[in-house]
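Colleague: What follows is the residue order along each chain.
2 protein chains.
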Amino acid sequence: MLSERRLEVLRAIVQDYVGTEEPVGSKALTERHRLGVSPATVRNDMAVLEDEGYIAQPHTSAGRIPTDKGYRLFVDKLAGVKPMTAPERRAIQNFLDGAVDLDDVVGRTVRLLAQLTRQVAVVQYPSLTRSTVRHVELLSLAPARVMLVLITDTGRVEQRMINCPAPFGETSLADLRARLNSRVAGRPFADVPQLVQDLPEAFEAEDRGTVSTVLSTLLETLVEETEERLMIGGTANLTRFGHDFPLTIRPVLEALEEQVVLLKLLGEAGDSSMTVRIGHENAYEGLNSTSVVSVGYGSGGEAVAKLGVVGPTRMDYPGTMGAVRAVARYVGQILAES
Amino acid sequence: MLSERRLEVLRAIVQDYVGTEEPVGSKALTERHRLGVSPATVRNDMAVLEDEGYIAQPHTSAGRIPTDKGYRLFVDKLAGVKPMTAPERRAIQNFLDGAVDLDDVVGRTVRLLAQLTRQVAVVQYPSLTRSTVRHVELLSLAPARVMLVLITDTGRVEQRMINCPAPFGETSLADLRARLNSRVAGRPFADVPQLVQDLPEAFEAEDRGTVSTVLSTLLETLVEETEERLMIGGTANLTRFGHDFPLTIRPVLEALEEQVVLLKLLGEAGDSSMTVRIGHENAYEGLNSTSVVSVGYGSGGEAVAKLGVVGPTRMDYPGTMGAVRAVARYVGQILAES
DNA sequence: GTTGGCACTCGCGTGCGCTGAGTGCCAGGC
DNA sequence: GCCTGGCACTCAGCGCACGCGAGTGCCAAC
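Those sequence lines, one after another, are chains A and B.
Under our numbering, the very last position in the first sequence is 1046; numbers go up by exactly one each time.
Under our numbering, the very last position in the second sequence is 1046; numbers go up by exactly one each time.
Read the hints as simulated data drawn from the structure, not as lab findings.
Nothing here was measured: the structure is a model prediction, and the numbers come from that model.
Warning: the hint list may mix true and false statements.
Said to hold, decoys possible - Taking beta-carbon pairs under 10 Å as the criterion, some of the chain B residues facing chain A (in silico):
{"id": "1", "residue": "Arg842"}
{"id": "2", "residue": "Glu845"}
{"id": "3", "residue": "Ile859"}
{"id": "4", "residue": "Gly863"}
{"id": "5", "residue": "Arg937"}
{"id": "6", "residue": "Leu946"}
{"id": "7", "residue": "Leu961"}
{"id": "8", "residue": "Gln967"}
{"id": "9", "residue": "Ala1044"}
{"id": "10", "residue": "Ser1046"}
Claimed, not checked - Away from chain A, derived, C-beta distances all over 10 Å, residues of chain B:
{"id": "11", "residue": "Leu710"}
{"id": "12", "residue": "Thr728"}
{"id": "13", "residue": "Ala770"}
{"id": "14", "residue": "Ala794"}
{"id": "15", "residue": "Arg838"}
{"id": "16", "residue": "Pro851"}
{"id": "17", "residue": "Arg887"}
{"id": "18", "residue": "Arg891"}
{"id": "19", "residue": "Pro896"}
{"id": "20", "residue": "Asp899"}
{"id": "21", "residue": "Gln905"}
{"id": "22", "residue": "Ser924"}
{"id": "23", "residue": "Val968"}
{"id": "24", "residue": "His988"}
{"id": "25", "residue": "Glu993"}
{"id": "26", "residue": "Asp1024"}
Beta carbons: idealized from backbone N, C-alpha and C, even for Gly.
Please work from the sequences and hints to get the whole structure.
Modeller: Quick look at the structure:
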């Protein structure tokens, strides 16, 4: 176990490095922090920290920088979550309050988060399977053509075009619509498959094909991977990554474009509590030099989706975590109101 | 007017520079192209081209690179549009055919375009105002709460939540829905404002407030700036921009995040024909070292929106234009089918 | 108008030495 | 046993000089 002072040294190194982006040496440390000991002592401590793998030297004659393991310790033990100031909270609320629909909420959230953290923001749309059905609408666009519109309590609207195997009368459609809604409205989406299972049986033989088609389309929208959507923003902040960054930025941009990768990333994180994944803790190779801070959000106690930011491992963890948490909280409120 | 051969020299310079990314000298030119003249002659021609402002020297002792003006001449007079090969056309069609809804079409288009051109792709959603109304749906979610759903012939679905000034009965709602649709269904969105103008008059006094609210919400969705949506992709291709790119890439990423800027950019381009804006021809400063190739697309003859790519001025114009044109054509087909 | 020749320019890569921040180690002190 | 000042050592980065070579402009000859 590391002594109190050595932890203090590690904290100082992390803070300085995050601030200056430059390896920090023993002398600079004693000058900028009141450690109460001499540089020589700090050097000894640093040697120990390096042995333990918390810090490393980029070059023999340079200062130290934290390793992923060092950041991990910092986040777990040495740093708290820096709460937002009152004006910041107000600004967040004002900015989000103006949204007119879910796309707008998500869009504003992404921009807000990117701006607050000066990093890349990722916001997942509320998951269908974790939401509640508000309404299912069926519209007849042509004799054998139906549009299915799903509406959730979180404001998400999903639509699908359906080509029916046989013409489907307006009365049958109204019938199906009514039956569908009476069964699923107000129920969790996750229960929908069971709730509609035996629905075709209630219809005349000639309509059963169409009813089945509609139902299977409805169920398809719930398939994971398809139902998950997300929005990203603030990619311009990647340019602040570092000096060497053509090599660094490339894989990150590629990862961000691969929604699958991002969804997996968010999916792996803890369910609703705040999660920080540092450097190599991220399974995806392209993100090995980044950290991902994410948290679930939702209208009630339940998380319906996640949001977070992607930034360099050298980031201001307390501040970032504070911003992410605050934004998630307000987004949850907004969703609850709508 | 430049002689035939000088134009040929310019073409050769553009082609070589696009290929190698390095300033091209007189000797290299004569070796790689059958100009039938000696390097000395080419040098004379280059001097003239430089005087006229078509090419420039980055350093005194370096080869020449095309200027924006040079690229402009190249695009206008010297290069055609390189058609896609048959396998490419087939690949495009196959890839786009799998789409299930408009979001999917747009998403696939963006990815396809980015991959084909290896540049940043931008695809605008079909404009509401240039589309035709397929259906307007009103859903009662709560006594004084209505959801408005707009559906266009291009598959676009827009929704808005409406808080009614007074409770609105189910029969009134059905009435409004029917009247609305009988007036606007099948008509261009642009005509909607006129078509619904006197609608409140047909209702009882107690419902007029709500009807007006619904109508004004409907009209709001048509306001330019709000109704325009777009999707971008392939930002990872920015990393292939050049060597000096921290400085170049930053403003480009920023511009791409500002949807307003992009929409303006596309808006300024010619209506449906292919437009190429080179370097400083782009009004937005951050895009001064990029070229934008865009074209309108639509289900019929009319363009309902635009798509295009953003890349370095040093791009393969014929190939890019060919890809953009081909993709636009197929997207138009897909939209017409749906 | 074209061409070969020639002197000139200058960006770029290479090698070298210096500087200074930072280190590890050690002997002495609390 | 831990802390501290001193000291020799390392090495990345910087500035500088140098030479190479691609590329140019000009000119005289064809």
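Colleague: Against this structure, judge whether each hint is valid.
Modeller: Hints and how they fare:
For Arg842 (chain B), the suggested interface contact is upheld, since its CB lies about 6 Å from the closest CB of chain A, less than 10 Å. With a cut of 10 Å, the hint placing Glu845 (chain B) at the interface with chain A holds, because the nearest CB-to-CB distance is about 6 Å. Against a cut-off of 10 Å between C-beta atoms, the interface hint on Ile859 (chain B) holds, since the closest Cβ of chain A lies about 7 Å away. Hint on Gly863 (chain B) holds. Least Cβ distance to chain A is approximately 7 Å, under the 10 Å limit.
Evaluation of the Arg937 (chain B) hint against chain A yields a held restraint, the C-beta minimum of about 8 Å falling below 10 Å. At its closest, the beta carbon of Leu946 (chain B) sits 7 Å from a beta carbon of chain A; the interface hint therefore holds under the 10 Å criterion. At about 4 Å, the closest approach between the beta carbon of Leu961 (chain B) and any beta carbon in chain A falls short of 10 Å, and the interface hint on this residue holds. A cut of 10 Å between beta carbons decides the hint on Gln967 (chain B): the least distance to chain A is about 9 Å, and the hint holds.
For Ala1044 (chain B), the interface hint is violated, the least distance from its beta-carbon to any beta-carbon of chain A being 14 Å, above 10 Å. A hinted interface residue such as Ser1046 (chain B) counts as satisfied when its beta carbon comes closer than 10 Å to some beta carbon of chain A; here the least separation is about 6 Å, so the hint holds. Distance check for Leu710 (chain B) against chain A: the nearest CB is about 38 Å away, which clears 10 Å, and the non-interface claim stands. At roughly 19 Å from the closest C-beta of chain A, the C-beta of Thr728 (chain B) stays outside 10 Å, upholding its exclusion from the interface.
The beta carbon of Ala770 (chain B) is kept farther than 10 Å from every beta carbon of chain A, the shortest such distance being approximately 23 Å. Consistency note on Ala794 (chain B): stated as away from chain A, and its beta-carbon is indeed over 10 Å from all of that chain's, at 28 Å minimum. Every CB of chain A lies more than 10 Å from the CB of Arg838 (chain B), the least distance being 20 Å, so the non-interface label holds. With 10 Å as the threshold on Cβ separation, the claim that Pro851 (chain B) sits away from chain A holds: the shortest Cβ distance comes to roughly 15 Å.
With a cut of 10 Å on Cβ distances, Arg887 (chain B) stays outside the contact zone with chain A, its closest approach being about 17 Å. The Cβ of Arg891 (chain B) lies farther than 10 Å from every Cβ of chain A, with a closest approach of about 17 Å, so its non-interface assignment holds. Distance to chain A confirms Pro896 (chain B) as a non-interface residue, since its nearest Cβ pair spans about 17 Å, more than 10 Å. Residue placement check: Asp899 (chain B) keeps its beta carbon more than 10 Å from all beta carbons of chain A (closest about 20 Å).
Every CB of chain A lies more than 10 Å from the CB of Gln905 (chain B), the least distance being 23 Å, so the non-interface label holds. Listed as a non-interface residue, Ser924 (chain B) keeps its Cβ farther than 10 Å from every Cβ of chain A; the least gap is roughly 13 Å. Residue placement check: Val968 (chain B) keeps its beta carbon more than 10 Å from all beta carbons of chain A (closest about 12 Å). The Cβ of His988 (chain B) lies farther than 10 Å from every Cβ of chain A, with a closest approach of about 21 Å, so its non-interface assignment holds.
Residue-level check passed: Glu993 (chain B) sits 15 Å from the nearest beta carbon of chain A, beyond 10 Å. At roughly 21 Å from the closest C-beta of chain A, the C-beta of Asp1024 (chain B) stays outside 10 Å, upholding its exclusion from the interface.
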